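Put the two chains together into one complex; each comes in its own frame, and the hints tell you how they fit.
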Amino acid sequence: DTEVTQTPKHLVMGMTNKKSLKCEQHMGHRAMYWYKQKAKKPPELMFVYSYEKLSINESVPSRFSPECPNSSLLNLHLHALQPEDSALYLCASSPLGAFGNSPLHFGNGTRLTVT
Amino acid sequence: SQQGEEDPQALSIQEGENATMNCSYKTSINNLQWYRQNSGRGLVHLILIRSNEREKHSGRLRVTLDTSKKSSSLLITASRAADTASYFCATDPNSGNTPLVFGKGTRLSVIA
Numbered sequence: 011d012t013e014v015t016q017t018p019k020h021l022v023m024g025m026t027n028k029k030s031l032k033c034e035q036h037m038g039h040r041a042m043y044w045y046k047q048k049a050k051k052p053p054e055l056m057f058v059y060s061y062e063k064l065s066i067n068e069s070v071p072s073r074f075s076p077e078c079p080n081s082s083l084l085n086l087h088l089h090a091l092q093p094e095d096s097a098l099y100l101c102a103s104s105p106l107g108a109f110g111n112s113p114l115h116f117g118n119g120t121r122l123t124v125t
Numbered sequence: 009s010q011q012g013e014e015d016p017q018a019l020s021i022q023e024g025e026n027a028t029m030n031c032s033y034k035t036s037i038n039n040l041q042w043y044r045q046n047s048g049r050g051l052v053h054l055i056l057i058r059s060n061e062r063e064k065h066s067g068r069l070r071v072t073l074d075t076s077k078k079s080s081s082l083l084i085t086a087s088r089a090a091d092t093a094s095y096f097c098a099t100d101p102n103s104g105n106t107p108l109v110f111g112k113g114t115r116l117s118v119i120a
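If you're matching them up, the sequences are chains A and B in order. According to our numbering, the first sequence holds residues 11 to 125 in order. According to our numbering, the second sequence holds residues 9 to 120 in order.
With the rest of the complex left out, here is chain B (with noise of 0.2 Å):
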């Protein structure tokens, strides 16, 4: 079953601006981590935020972690057309040898 649930399902966006893409969750968890997929291609990591961290950056990437409210947010400022892609957030649920669980995807414009 998946756990993580991103939102929204699709986001267009102008060159530039910033985009928010939200991913919730049901259980307790070890990390959550965020994950890049251009069309037709496998998918890349992005970033791994663990359980006890709050927030973490990586380049134009700032994901945030709020345990309480089972939730994360990955932005990516200042745009490019090359950010056009499928994000996914997968989560390791705290619950011994279990799989990621992927969440159901934002698919991300950014029109130049």
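In isolation and in its complexed conformation, chain A is listed as follows (with noise of 0.2 Å):
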């Protein structure tokens, strides 16, 4: 089992509504990452945190809203969402700061479907 924790495993939404995924890790990581995966694709990278900062956002869309409450915890806020954005949103952590050279360490992801 992973020692990253993603909740819920499954979410149905529909465009209209709003919704939050969470993800949790007790490694002491100072690096936190939301990735967006499609079916039989590598994973994009999303944003980052790193030391409780945002220090990446790749352009996404403000639909997808990051939060970082303290340095075991990650959320993303969804709200508007197009049925495009149905993919597998994995969390991930790293020991270091951002790409401090050491590998991360990913949850098994929100299988996220909107309607």
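Do not rely on the hints blindly, as some may be mistaken.
To be verified - 30 Å max Cα-Cα, derived DSSO-like pairs, lysine-lysine:
1) B:Lys78 with A:Lys51
2) A:Lys63 with A:Lys32
3) B:Lys64 with A:Lys50
4) B:Lys78 with A:Lys50
5) B:Lys78 with A:Lys19
6) A:Lys51 with B:Lys34
7) B:Lys34 with A:Lys28
8) A:Lys48 with B:Lys112
9) A:Lys48 with A:Lys19
Said to hold, decoys possible - Chain A stretches covered by chain B per the calculated footprint, using a threshold of three residues with CB under 8 Å from any CB of chain B:
10) 27-41
11) 58-72
12) 117-124
These are calculated hints, taken from the structure and not from any lab test. Small disclaimer: the values here were computed from a predicted structure and weren't measured. A virtual CB, placed ideally from N, CA and C, is assigned to each residue, including glycine.
Written out as structure tokens, the structure is:
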């Protein structure tokens, strides 16, 4: 089992809904990441938090809003999504600051379907 | 933009055979990492090889890195059905605070 926990595992939401994805790690890692992955594609980076500060936003639409309440938690708030936003959303963490030359630890993702 | 390119895109082998996947990249790197992803699950880190290393082993895995050719290979020996997964290389570019760049991946099927 992964040490990065993501909830929920599955989420179905309408285009007018507001929902949140949650990610938690207790490994003391200082960087946390959100990735989006479509079927048979590699993960695409969305956001990076390093020492609880947003350090990278890969030009993600504002309907996705990240939040890092503390060093163990990472949320992704969703609002007014489109069907093309349906994907597997992966959270990851790494021990040092963002991309500190160390491997990423991934959660098992939230499978999001937008109807 | 994606830097790593794996080939083949898909590979099907019999249990017990060796599987070799290749990764090419475009710019200089600090390190190259390989990850495995089982269907519908998260990625699992397999091995990291630094730019000054040429070969690394971990159990049945062997990774090589040729920085002059900007390429890496992942060899899985004596494959098992449980090795069926997608395998991604990811490069850590040697250009400041730059994110890992994932390749397109190789889908490996090991038939029992």
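Here is what the structure says about each hint:
Taken as a hint, the lysine 78 of chain B and lysine 51 of chain A pair is honoured in the structure, with Cα atoms around 22 Å apart against an allowance of 30 Å. Pair hint lysine 63 of chain A plus lysine 32 of chain A holds up; C-alpha atoms about 17 Å apart against a cutoff of 30 Å. With a CA separation close to 28 Å, the supplied pair lysine 64 of chain B and lysine 50 of chain A stays within the 30 Å bound. Of the pairs offered as hints, the one joining lysine 78 of chain B and lysine 50 of chain A holds, with about 24 Å between alpha carbons and a cut-off of 30 Å not exceeded.
Distance restraint check for lysine 78 of chain B and lysine 19 of chain A: the Cα-Cα separation of roughly 37 Å exceeds the 30 Å cut-off, and the hinted pair is therefore not satisfied. Taking the CA atoms of lysine 51 of chain A and lysine 34 of chain B, the gap is near 19 Å; set against the 30 Å cutoff, the hint holds. Only pairs whose Cα atoms come within 30 Å are accepted, and lysine 34 of chain B paired with lysine 28 of chain A is rejected, the gap being roughly 40 Å. Pair hint lysine 48 of chain A plus lysine 112 of chain B holds up; C-alpha atoms about 11 Å apart against a cutoff of 30 Å.
About 16 Å separates the Cα atoms of lysine 48 of chain A and lysine 19 of chain A, which keeps this hinted pair within 30 Å; it holds. Coverage of the segment 27-41 of chain A by chain B is violated [criterion: at least 3 residues with CB-CB distance below 8 Å; count 0]. Only residues whose beta carbon comes within less than 8 Å of a beta carbon in chain B count, and the segment 58-72 of chain A has 4; three or more means the coverage holds. With a threshold of 8 Å between beta carbons, the proposed coverage of the segment 117-124 of chain A by chain B holds, since 4 of its residues qualify and at least three are required.
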